[in-house]
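Undergrad: Hey, can you work out the whole structure from these sequences and the hints?
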Amino acid sequence: MNYPLLENKLPVSLKKVWRKTSLVTLTIALLFGAVVAGIFLYFENLEGTWLIIAGVYFGIILIIFLLNFLLIDYRYNFFRYEVTPKEIIFQKGFIFRSITYVPFSRIQHIETEQGPFLRREELMELIIHTAATDHSIAGLSIEEAQMIRQNVMKKVEETDEYGE
Amino acid sequence: MSMENKRERFHPSAVLVYFIRDIKHWVFLFVLFLVDIDSGRLYSILALSALILFLSAKSFIKYWTHTYTLSSDHITLYKGIFNKRETEITYERIQTVKQRQWFFFKPFNIIEVLIETASTSPGEAEASLTAVDESIIKTIESYRNQTSPDLDEEKEIEAADNQFSLKYQDVVLFGLTDLTAILIVFTALSFVFEWIPDRFFSELVSLVGNVRGILIVGLMFMGLLIIAALSLLKSFLLFYDYKAERHEDTLTISYGLFERKTQKIPLSKIQGIKVNKQLLRHLFNRSSVELVIMGGQESEGESLSIKKVYLFPLISNDQVYTRLNQFIPDRAIEKPKVKKVTQNRVWYFLRWKMLAGIPLVAIALYFNTTIAIIASMILIIILLMAWKKSQVQAYAIQKNRLLCIQQFEGFTTVQFFIMPQNVQALSYSTSIALVNKDIGHMDVTFKENEHPTNYGMRYIKEKDSRRIHELFWEALERETDYVGFN
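Chains as they are written, first to last, in full-length UniProt numbering: chain A, 1 to 164; chain B, 1 to 486.
Treat the hints as calculated values from the structure; they're not laboratory data.
Idealized CB from N, CA, C, for every residue including glycine.
Check before you lean on any hint, since a few could be wrong.
[To be verified] Take a look, some chain A residues computed to stay more than 12 Å from chain B by CB distance:
{"hint": "1", "residue": "I28"}
{"hint": "2", "residue": "L41"}
{"hint": "3", "residue": "I95"}
{"hint": "4", "residue": "F96"}
{"hint": "5", "residue": "D134"}
{"hint": "6", "residue": "I142"}
{"hint": "7", "residue": "R149"}
[What the hints assert, rightly or not] In silico DSS-like cross-links for lysine-lysine, where the CA-CA straight-line distance does not exceed 25 Å:
{"hint": "8", "chain 1": "B", "residue 1": "K340", "chain 2": "B", "residue 2": "K277"}
{"hint": "9", "chain 1": "B", "residue 1": "K264", "chain 2": "B", "residue 2": "K243"}
{"hint": "10", "chain 1": "B", "residue 1": "K106", "chain 2": "B", "residue 2": "K340"}
{"hint": "11", "chain 1": "B", "residue 1": "K389", "chain 2": "B", "residue 2": "K463"}
{"hint": "12", "chain 1": "B", "residue 1": "K389", "chain 2": "B", "residue 2": "K437"}
{"hint": "13", "chain 1": "B", "residue 1": "K437", "chain 2": "A", "residue 2": "K92"}
{"hint": "14", "chain 1": "B", "residue 1": "K461", "chain 2": "A", "residue 2": "K92"}
{"hint": "15", "chain 1": "A", "residue 1": "K92", "chain 2": "B", "residue 2": "K463"}
{"hint": "16", "chain 1": "B", "residue 1": "K340", "chain 2": "B", "residue 2": "K461"}
TA: Following this line, the structure appears as structure tokens:
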């Protein structure tokens, strides 16, 4: 079957952000592992079961990193969104995929967020809150984010007037 | 100056309420002391009396310092001696008003009034007038109605159709078929066994003439009796004189023996409806109906309150849908003609459980045969449940765009009914492997009490998801379309 893909792709520069985030996460996980292993080594305890556990830990980190890093080009294609007259649709995930529909009339408020990597690429994350859930678009150009935010807020107000 | 602004104290019986609540908090300490009394130590008796004295003093001080005023536009609660606190609640902000009556309130016509607002922090905004005259609820309602005139509580009950009461034998049946009770009692029993001295067992063994088998069977039988008795007791305390009725657009539910509770639920606040057919209860041809409601329900966490909001704790299977229609007419629920969706995809439900379970059993077998047998029995039960889940999973879309999802959860077949306007988000998911087989999951997200909750179906065919999307979800779009052009 061909998996349906939504209309709007995210900006290409988001790939850079993902690569950096992936590298930073790897570094932090490796440092943490190294410190713990160092402590065991200091007390001359790094042998037997502990050595196996350490090996498994570093192995898992590397596998996750490689999957994450190498698949960025593929994953990128599966992160999309669409704004229809009635609702906003989110699509995410390459290995585990999901599409979520949120009607405007359920939206409580909208947030934008910008971490250091996103700021460098002049991107923003858009987060939409309903009474029960949060949904986010991982990265949008600043103009686009502002535009969607205003559009959505306008629609939320329109649908709100008629209430439920 | 005016009468309205005079601070009033609660009825003196509030002292007893405070005392009982504190005792509930300290119950473990009491058990500890009581067990020690057996050994005849003086200090534990002293400690016990000191604790009781301390708690009574605390209750009296609370009674002395907690006051309230009612004015035409708000309720104010005062508390504290040094650190004084005032809580002001305007009538407009009140979501629901609940009342609760302890048995010792009855002679004085006293009730406890619980006020819920839509505040986001649960527990914080909920105010309680611990012991006040029954007439106060009318005063509050009349003040409230000035701002929301549609909430008229004094309407006549429409017809006998709109009343439901739980029969005596159904209370018994509810208690005896309560599966959660079995779990709770087992943990309680294991705690008790810790405290019983070994001497007791050895004496018992000599009494029955060293026949261990009889002893074990006897203990198990006793355990079962205790479970049944406690469960019955709980069921009676909770569901004594259970009544539900509908006046216009408001449901009123009242229940309880020592602690009588009354809850008013506007139909529009109902997010979803669950019809539960638990295996044991199904044998007796009974279902139970639960309501899913948004807002801070029972955030106080009293020990003997039902966290679930039952509409019909037990009702005979052939009545359930007609009665539901009388109580919640706006949903127009029919007996769902469900379409089973995963009957021939059992493998998907088993595979991860087997992948995790079989190695564990193998490891257990390596170390200890008994543990391995127990582990494999648990695994078989888990797999059987998963198989049942795959056979039960189904859906139906009814008139009025009402979606019914049928699921199997913890020995219970649940039919969950929800309307599109109560769904906060609808999502479909799949994985890189499943997508080639046209298989995926669907979930509706809604708000239950304070928490987001999911309900959905696993491993369903893509054409079923698409059908749900068209008949259930797109219909919502058409409706907003219509509204938009108005």
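Undergrad: A separate judgement is required for each hint: does it hold in the structure or not?
TA: Verification of the supplied hints:
no.: 1; hint: I28; in the structure: holds, 27 Å
no.: 2; hint: L41; in the structure: holds, 29 Å
no.: 3; hint: I95; in the structure: violated, 5 Å
no.: 4; hint: F96; in the structure: violated, 5 Å
no.: 5; hint: D134; in the structure: violated, 9 Å
no.: 6; hint: I142; in the structure: holds, 26 Å
no.: 7; hint: R149; in the structure: holds, 18 Å
no.: 8; hint: B:K340 / B:K277; in the structure: holds, 17 Å
no.: 9; hint: B:K264 / B:K243; in the structure: holds, 12 Å
no.: 10; hint: B:K106 / B:K340; in the structure: violated, 51 Å
no.: 11; hint: B:K389 / B:K463; in the structure: holds, 20 Å
no.: 12; hint: B:K389 / B:K437; in the structure: holds, 20 Å
no.: 13; hint: B:K437 / A:K92; in the structure: holds, 19 Å
no.: 14; hint: B:K461 / A:K92; in the structure: holds, 20 Å
no.: 15; hint: A:K92 / B:K463; in the structure: holds, 21 Å
no.: 16; hint: B:K340 / B:K461; in the structure: holds, 11 Å
Figure legend: structure checked against the earlier numbered hints; hints not met, in rising order: 3, 4, 5 and 10.
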